[in-house]
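Participant: All chains, full assembly: derive it from the sequences and hints.
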Amino acid sequence: MRHIISILVENEAGALSRIAGLFSARGYNIESLTVAPTEDASMSRMTIVTSGSDDVVEQITKQLNKLIDVVKVVDLSEAEHIERELMLIKVRAGQKEREDMKRMAEIFRGRIIDVTDNTYTIELTGDGRKLDAFIQALDQGTIIETVRTGTSGIGRGNRILRV
Amino acid sequence: MDRVKTSALSGAEIVVRCLQEEAVEYVFGYPGGAVLFIYDELFKQDRVKHVLVRHEQGAVHAADGYSRSSKKVGVALVTSGPGVSNAVTGIATAYMDSIPLVVITGQVPTHAIGLDAFQECDTVGITRPIVKHNMLVKDVKDLASAMKKAFHIATTGRPGPVVVDIPKDVTAAVCEFHYPESISLRSYNPVRKGHAGQIKKAAQLLLEAERPMVYTGGGVVLANASELLRELVQSSGFPCTNTLMGLGAYPATDKQFLGMLGMHGTYEANMAMQHCDVLLAIGARFDDRVIGNPAHFAQNPRKIIHIDIDPSSISKRVKVDVPIVGNIPDVLEDLLKLLHGARPEIKAWWKQIEEWRAKDCLKYDRGSKIIKPQFVLEKLYEVTQGQAFVTSDVGQHQMWAAQFYKFDEPRRWINSGGLGTMGFGLPAAMGVQLANPGATVACVTGESSIQMCLQELSTCKQYRLPIKIINLNNKYMGMVRQWQQFFHGNRYSESYMDALPDFVKVTEGYGHRGMLVEKPADVEPALREAFGNKKELVFLDFITDQTENVYPMIPGGKGITEMILSEDL
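So the protein sequences, as listed, match chains X and D.
Residue numbering for the first sequence follows our numbering, starting at 1 and increasing by one per position.
Residue numbering for the second sequence follows our numbering, starting at 1001 and increasing by one per position.
Only pairs whose alpha carbons sit at most 27 Å apart, straight line, appear in this in silico DSS-like list of lysine-lysine: (1) D:K1149 / X:K72; (2) D:K1193 / X:K66; (3) X:K62 / D:K1149; (4) D:K1534 / D:K1049; (5) D:K1303 / X:K62; (6) X:K62 / D:K1200; (7) X:K66 / D:K1072; (8) D:K1201 / X:K62.
Okay, the calculated bits of chain D under chain X, using three or more residues with CB under 8 Å as the criterion: (9) 1121-1130; (10) 1186-1195.
Everything labelled a hint here was simulated from the structure, so no lab data went into it.
Computed from a predicted model, the values in this text were never measured in an experiment.
Virtual Cβ for every residue (Gly too), placed ideally from N, Cα, C.
Facilitator: Rendered as structure tokens:
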């Protein structure tokens, strides 16, 4: 089962490698990992998407909690939550594709953020499935380059992760 | 935060002052370029004594043996690069057995880090998976608090080694020295008390048990909870077994003790583990050498109560019914209060256990004309009256020592249970002897293991450590040979050691006494002579039966009751 794990971690050198190293050493898989400082500069927040049985995910959260630099761990997918991912996708947009491509971006509520004679770069946010769907909807030959941030997540309403 | 204030000191002085503040008695180490300033400061004082080993692996093992036998934290000091990489085996050994160590490592100057400088290695990166925590101190202003943090983390919660990596320029830089008296970390707050509701559930299960079993591991020893364990077992009348790491937590000579369990555990302990209806696990982790195949273990229904300070040890390999996260002494005190000294009626269970015990699974040929290794250990137990500190290396000799030396006290049995490090025994014995001057210290080893850290005989000479080395010499890596006999068609691939040294001469070359013992009749007199010698290290080279195997044995991947028993049974 897919799980989204949110981690508050001390903003110390090497904290990321401790967490990534834990996953590789214990054979847990990482589907995606995002990290950036929070409003409190002494802490970073990390979102890791992983998959595994309930037993494995229980071990993952316990092992993460054991790391000295880890302040808090929450399995977001245990309850209502929102997840978002950002994708930048560069597509071929010559004379004949230009209109179609613009319409497609609008349908998916993407924004064209860079334009040249023969390319568009489109910014798209949503959950992973929406981004996948957009890629699927395009003529594969028109895709030049994609970059995705990986999933960030947050609990709904009163579910709060902070110190 | 309370602070002890003094004037400006160099980083090296700060390191030594921190060690003094922590009342560190011994530092085990080996100098080198990156730690020269620290060694200079050690030279100028005499409160912290330095023990010069002959290889950094020995320094960490010695600090480890010191800690295991004294309840104190062990401290090692090594230089950058090869100093660190040599120390890695020692650090990993301590990590697997949860031993509190602070390992101070030199590093190249901060401006040279990352430039492949001479004797540079990424210490924090290399040691990251084998430490409880590690840190690189890049600013002398952070040094005192880093040291405090290291001691705090190493010794609290589930203990473990902490590495403090200090670049050379940081040891030369100067700043005000304030040693914090206490430290609090928002991300690290080990629990103490167990959950009251869970403890109540545990008590209920224990009171209703028909076939209870108490199974305890190294956690009870580390938490200094032996007295409480004894009280619990003796007041309840329950049978008790200890893991390899837990030996001595419950007195081995007591009739409620079923012996060690696991791969080379007793028949009765393993059978009782499988057939009990309520299992109380304390500071143990159900590892592969203890319960064998978890699926086989789960075939018999039983309720499991598991007390441990580390939540990640609970329900890792075996599903647990009543998890209790907490400090073992705190939890046991609460549990004892609820049990009120109750003694459930379990006569039928004891009758069954006595039938298993009657199998006498550790029986061996006492009439042998060749020295049997088990015989040496029985005699060692007799001659030392069960009072020795016994360290061991890894292999058959380790298992026989665990089976035949009856430890009645905790912290007397010092071995590398988790990592299984050959070469551990001799340097660990040095730490044990320094922590317990005047005590009898025996290192049980084999001709293969002892050669992995043999150079430490030189350290023993320098510090006049009268350790007794019990070398069970069968010319084979015995445990490897045993597996090859059982599972690899008697093909003894590279497990025979040709060209062994004359250990008596080697020992004498290092300035100690050596004795060769070849006949069973000479075993006891030789031991008496050696242990009568309180001044010197004596190396006893026992030429033992090459074909002897350790029984019982649970083959890898098999169930706990699928034991291979001795042909003599």
